[in-house]
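Number of protein chains: 2
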Amino acid sequence: MMITVDEHRARILAAVAVTPVETVALADAAGRVLADDVVSRWPVPLFDNSGMDGYAVRAADAAEGAVLRVIADVPAGSSLDPTIGVGEAARIMTGAPVPSDADAVIPLEHTDLGTTITTEPPSRITVTTAPAHGAHIRRTGGDSPAGAVAVAAGTVLGPWQLSSIASAGYTEIPVHRAPRVAVISTGSELIDPAGTPRRGEIPESNSVLLAAAAAAAGADLVTVTTVADDEAALSSLLDGIDADAVILSGGASVGAFDVVKAVLDRTGSIEFGPVRMQPGKPQGFGADEAGRLFFCLPGNPVSVAVSFETFVRPALLAMAGRTVIDRPRVHRTAATSWRCPPGRAQFLPVLLDETTVRPATAGGSGSHLVTSLAVAQALAVIPADTEQVVEGDIVEVMVLS
Amino acid sequence: MMITVDEHRARILAAVAVTPVETVALADAAGRVLADDVVSRWPVPLFDNSGMDGYAVRAADAAEGAVLRVIADVPAGSSLDPTIGVGEAARIMTGAPVPSDADAVIPLEHTDLGTTITTEPPSRITVTTAPAHGAHIRRTGGDSPAGAVAVAAGTVLGPWQLSSIASAGYTEIPVHRAPRVAVISTGSELIDPAGTPRRGEIPESNSVLLAAAAAAAGADLVTVTTVADDEAALSSLLDGIDADAVILSGGASVGAFDVVKAVLDRTGSIEFGPVRMQPGKPQGFGADEAGRLFFCLPGNPVSVAVSFETFVRPALLAMAGRTVIDRPRVHRTAATSWRCPPGRAQFLPVLLDETTVRPATAGGSGSHLVTSLAVAQALAVIPADTEQVVEGDIVEVMVLS
Numbered sequence: 065m066m067i068t069v070d071e072h073r074a075r076i077l078a079a080v081a082v083t084p085v086e087t088v089a090l091a092d093a094a095g096r097v098l099a100d101d102v103v104s105r106w107p108v109p110l111f112d113n114s115g116m117d118g119y120a121v122r123a124a125d126a127a128e129g130a131v132l133r134v135i136a137d138v139p140a141g142s143s144l145d146p147t148i149g150v151g152e153a154a155r156i157m158t159g160a161p162v163p164s165d166a167d168a169v170i171p172l173e174h175t176d177l178g179t180t181i182t183t184e185p186p187s188r189i190t191v192t193t194a195p196a197h198g199a200h201i202r203r204t205g206g207d208s209p210a211g212a213v214a215v216a217a218g219t220v221l222g223p224w225q226l227s228s229i230a231s232a233g234y235t236e237i238p239v240h241r242a243p244r245v246a247v248i249s250t251g252s253e254l255i256d257p258a259g260t261p262r263r264g265e266i267p268e269s270n271s272v273l274l275a276a277a278a279a280a281a282g283a284d285l286v287t288v289t290t291v292a293d294d295e296a297a298l299s300s301l302l303d304g305i306d307a308d309a310v311i312l313s314g315g316a317s318v319g320a321f322d323v324v325k326a327v328l329d330r331t332g333s334i335e336f337g338p339v340r341m342q343p344g345k346p347q348g349f350g351a352d353e354a355g356r357l358f359f360c361l362p363g364n365p366v367s368v369a370v371s372f373e374t375f376v377r378p379a380l381l382a383m384a385g386r387t388v389i390d391r392p393r394v395h396r397t398a399a400t401s402w403r404c405p406p407g408r409a410q411f412l413p414v415l416l417d418e419t420t421v422r423p424a425t426a427g428g429s430g431s432h433l434v435t436s437l438a439v440a441q442a443l444a445v446i447p448a449d450t451e452q453v454v455e456g457d458i459v460e461v462m463v464l465s
Numbered sequence: 065m066m067i068t069v070d071e072h073r074a075r076i077l078a079a080v081a082v083t084p085v086e087t088v089a090l091a092d093a094a095g096r097v098l099a100d101d102v103v104s105r106w107p108v109p110l111f112d113n114s115g116m117d118g119y120a121v122r123a124a125d126a127a128e129g130a131v132l133r134v135i136a137d138v139p140a141g142s143s144l145d146p147t148i149g150v151g152e153a154a155r156i157m158t159g160a161p162v163p164s165d166a167d168a169v170i171p172l173e174h175t176d177l178g179t180t181i182t183t184e185p186p187s188r189i190t191v192t193t194a195p196a197h198g199a200h201i202r203r204t205g206g207d208s209p210a211g212a213v214a215v216a217a218g219t220v221l222g223p224w225q226l227s228s229i230a231s232a233g234y235t236e237i238p239v240h241r242a243p244r245v246a247v248i249s250t251g252s253e254l255i256d257p258a259g260t261p262r263r264g265e266i267p268e269s270n271s272v273l274l275a276a277a278a279a280a281a282g283a284d285l286v287t288v289t290t291v292a293d294d295e296a297a298l299s300s301l302l303d304g305i306d307a308d309a310v311i312l313s314g315g316a317s318v319g320a321f322d323v324v325k326a327v328l329d330r331t332g333s334i335e336f337g338p339v340r341m342q343p344g345k346p347q348g349f350g351a352d353e354a355g356r357l358f359f360c361l362p363g364n365p366v367s368v369a370v371s372f373e374t375f376v377r378p379a380l381l382a383m384a385g386r387t388v389i390d391r392p393r394v395h396r397t398a399a400t401s402w403r404c405p406p407g408r409a410q411f412l413p414v415l416l417d418e419t420t421v422r423p424a425t426a427g428g429s430g431s432h433l434v435t436s437l438a439v440a441q442a443l444a445v446i447p448a449d450t451e452q453v454v455e456g457d458i459v460e461v462m463v464l465s
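Line by line, the protein sequences give chains X and C.
Residue numbering for the first sequence follows the numbering used here, beginning at 65 and increasing consecutively.
Residue numbering for the second sequence follows the numbering used here, beginning at 65 and increasing consecutively.
A few of these clues could be false.
Identical copies go unnamed one by one, so any copy, or any two together, can satisfy a pair.
[What the hints assert, rightly or not] Straight-line alpha carbon distances no greater than 25 Å define the calculated SDA-like cross-link-like pairs of lysine to any residue that follow: (1) Lys325 <-> Thr87; (2) Lys325 <-> Thr387; (3) Lys325 <-> Leu172; (4) Lys325 <-> Glu236; (5) Lys345 <-> Asp100; (6) Lys325 <-> Ser252; (7) Lys345 <-> Asp70; (8) Lys325 <-> Glu455; (9) Lys345 <-> Ser187; (10) Lys345 <-> Thr182; (11) Lys325 <-> Val394; (12) Lys325 <-> Asp101; (13) Lys325 <-> Gly337; (14) Lys345 <-> Asp101; (15) Lys345 <-> Arg403; (16) Lys325 <-> Ser143.
Quick caveat, the hints were computed from the structure, so don't treat them as lab data.
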């Protein structure tokens, strides 16, 4: 009995468990999902500091034309807190702590000496533009107070979030572990692509696709390999794999030599059956007693690509703790007409421009048209009840990059 | 003299050289740019093969109701080419080579035995639906001929392109080397974020931002480190770095302790000067005699984030051989009003929804507002001649993910 794409996807997502939490260095946390709120260890900024290179002054002393004696020099990183008396100033650099006695910073260019910097500070300056009270002082906690949530649990960590966590006072953080994924291509017909195929043999291309796609989805690849149509060999291979998910391609349809189905059927909880889609109709999914999820995909490269995007990628992202698990979708106008399989959702590699969409090959939509993958930018997603896309129709498109 | 963002960017891109070509395994080629056309070593498909699990027949013998004797079994990967005589058929699996004597494949479900598969093929079948001549045979070269360009030079290699290259018969390909990048935070005020700052000290957060951002742009990180405001230390550090690009943050403004400027000014070809933007005004850029590009960014985290997106990322992508080097930009309606710096382009961390844009912090647009980075999804890009964004204005936004 055929099930719909949504039904198969729902069954998969219902089986997904979020990976355990581990503590990692910030440098290793890009792309991970934060498992707990990060609260700032201190106020941001940490102390009143200068927003400009200039002179820290008492604003009351710094009217236009006033001459101030420069009695100290406060570089960034300085721990100095020089006393500033009446008619005095301290040279100060951007980010340096504003002396406790000062209540304004005059930028270099608002003095008679301009922006030229000397190694030693000048002995005195003349104010050319008077500062407002508090000018160019970035106040302690002005950005956020100590204890504020700097980055919230559930956030996907990109460069900016990692920076915010460092600023909040941490070098290690709790994140969900990357899903450990095994990729296995099955088929006695598969040879190394650099080899010379005999009759009936074909170059193995699915493992590189699935490995690269899983890695791009944040997975940690534990195994990438190919196995012949041999139940003992596959069974032994699977026994040695410690993974959260095993992605197999090939051998999951109704063919007589379908060792994947034969081996995995024994576990009982893995179901094989057709899904109302083209390509990608023969699918298998389930978990074994160890909790490993098995994604059993068809063997054709385009079927593999579509199955990964439709079922595997959302599952891997959900395992990693993400809540946004779907590619963005846009709408485009069909630049040409094409036929769709009756009663099955169509996932067609396509080319896009700003307004239109067209099939990535003129030749058709067959699952064997691997050349369409080389140029496709997206997958058109045509509902199962559509029998034909007509030029000018609005088409939904899953954008891949 | 202030230059515009476009002028600074043009100067950088003019100095960029595309990295040399190296040969890498497909498994290591994700994200790289292909340096030469990949031409298929063979036609695709390689041989006439079955598009279905079923029976290879002579179409003329296979009228509805015909009984055919099954004289062979052709699994995927088989090198068999059984002779098929009058009234005979061979069981065949998807992808297996179609016997030379056959001119059509009957799917399992178009016979009396249905889709149940037995280990041994049945001795005879009755045809329930006659096949058309050529039915379910995927013809040699039907996708593309031998010698056809499978993936063109200049293509950015994603999972699908890698699959196409494997299908074309290659396990290694020429690609542009990943740019080797050093990231150096400068400043005596910087401490390890897990430490306890004394007066004037701040947690170092720029290196993790720049390292993660450069890695996400495809760079190979050769050094990620922090150095104090010490000319000898910086000079010695730089001497030991073999990189295509060195990204420094801090110490590039007019401050008296700006060691980056002091050290790099000696090389002569590195220019420092203000750029008409906020944040990110103090910038330095140039190449040394060894051809290393130096990006000298301001020290504030938001300035670093903006400078990377505006100048460094496009340069790194161009170095890697990419032609699309800019983030996508979209337009949104301002959900609130905010002020912009006169005469300088504004790059403001923002939050987006489907139709609107708003600043990522309510507090302002200062370059020190690192908390805005934690939640921002994009940068609003406001032209230099705009003094204020008014609620309802259409705003251009650089989308980051």
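Now for the hints, and whether the structure bears them out:
{"no.": "1", "hint": "Lys325 <-> Thr87", "verdict": "neither (38 Å within a copy, 38 Å between copies)"}
{"no.": "2", "hint": "Lys325 <-> Thr387", "verdict": "neither (31 Å within a copy, 45 Å between copies)"}
{"no.": "3", "hint": "Lys325 <-> Leu172", "verdict": "between (76 Å within a copy, 18 Å between copies)"}
{"no.": "4", "hint": "Lys325 <-> Glu236", "verdict": "neither (43 Å within a copy, 32 Å between copies)"}
{"no.": "5", "hint": "Lys345 <-> Asp100", "verdict": "neither (40 Å within a copy, 35 Å between copies)"}
{"no.": "6", "hint": "Lys325 <-> Ser252", "verdict": "within (15 Å within a copy, 63 Å between copies)"}
{"no.": "7", "hint": "Lys345 <-> Asp70", "verdict": "within (13 Å within a copy, 51 Å between copies)"}
{"no.": "8", "hint": "Lys325 <-> Glu455", "verdict": "neither (41 Å within a copy, 59 Å between copies)"}
{"no.": "9", "hint": "Lys345 <-> Ser187", "verdict": "neither (82 Å within a copy, 28 Å between copies)"}
{"no.": "10", "hint": "Lys345 <-> Thr182", "verdict": "between (74 Å within a copy, 21 Å between copies)"}
{"no.": "11", "hint": "Lys325 <-> Val394", "verdict": "neither (36 Å within a copy, 47 Å between copies)"}
{"no.": "12", "hint": "Lys325 <-> Asp101", "verdict": "neither (43 Å within a copy, 39 Å between copies)"}
{"no.": "13", "hint": "Lys325 <-> Gly337", "verdict": "within (10 Å within a copy, 66 Å between copies)"}
{"no.": "14", "hint": "Lys345 <-> Asp101", "verdict": "neither (42 Å within a copy, 33 Å between copies)"}
{"no.": "15", "hint": "Lys345 <-> Arg403", "verdict": "within (17 Å within a copy, 55 Å between copies)"}
{"no.": "16", "hint": "Lys325 <-> Ser143", "verdict": "between (69 Å within a copy, 23 Å between copies)"}
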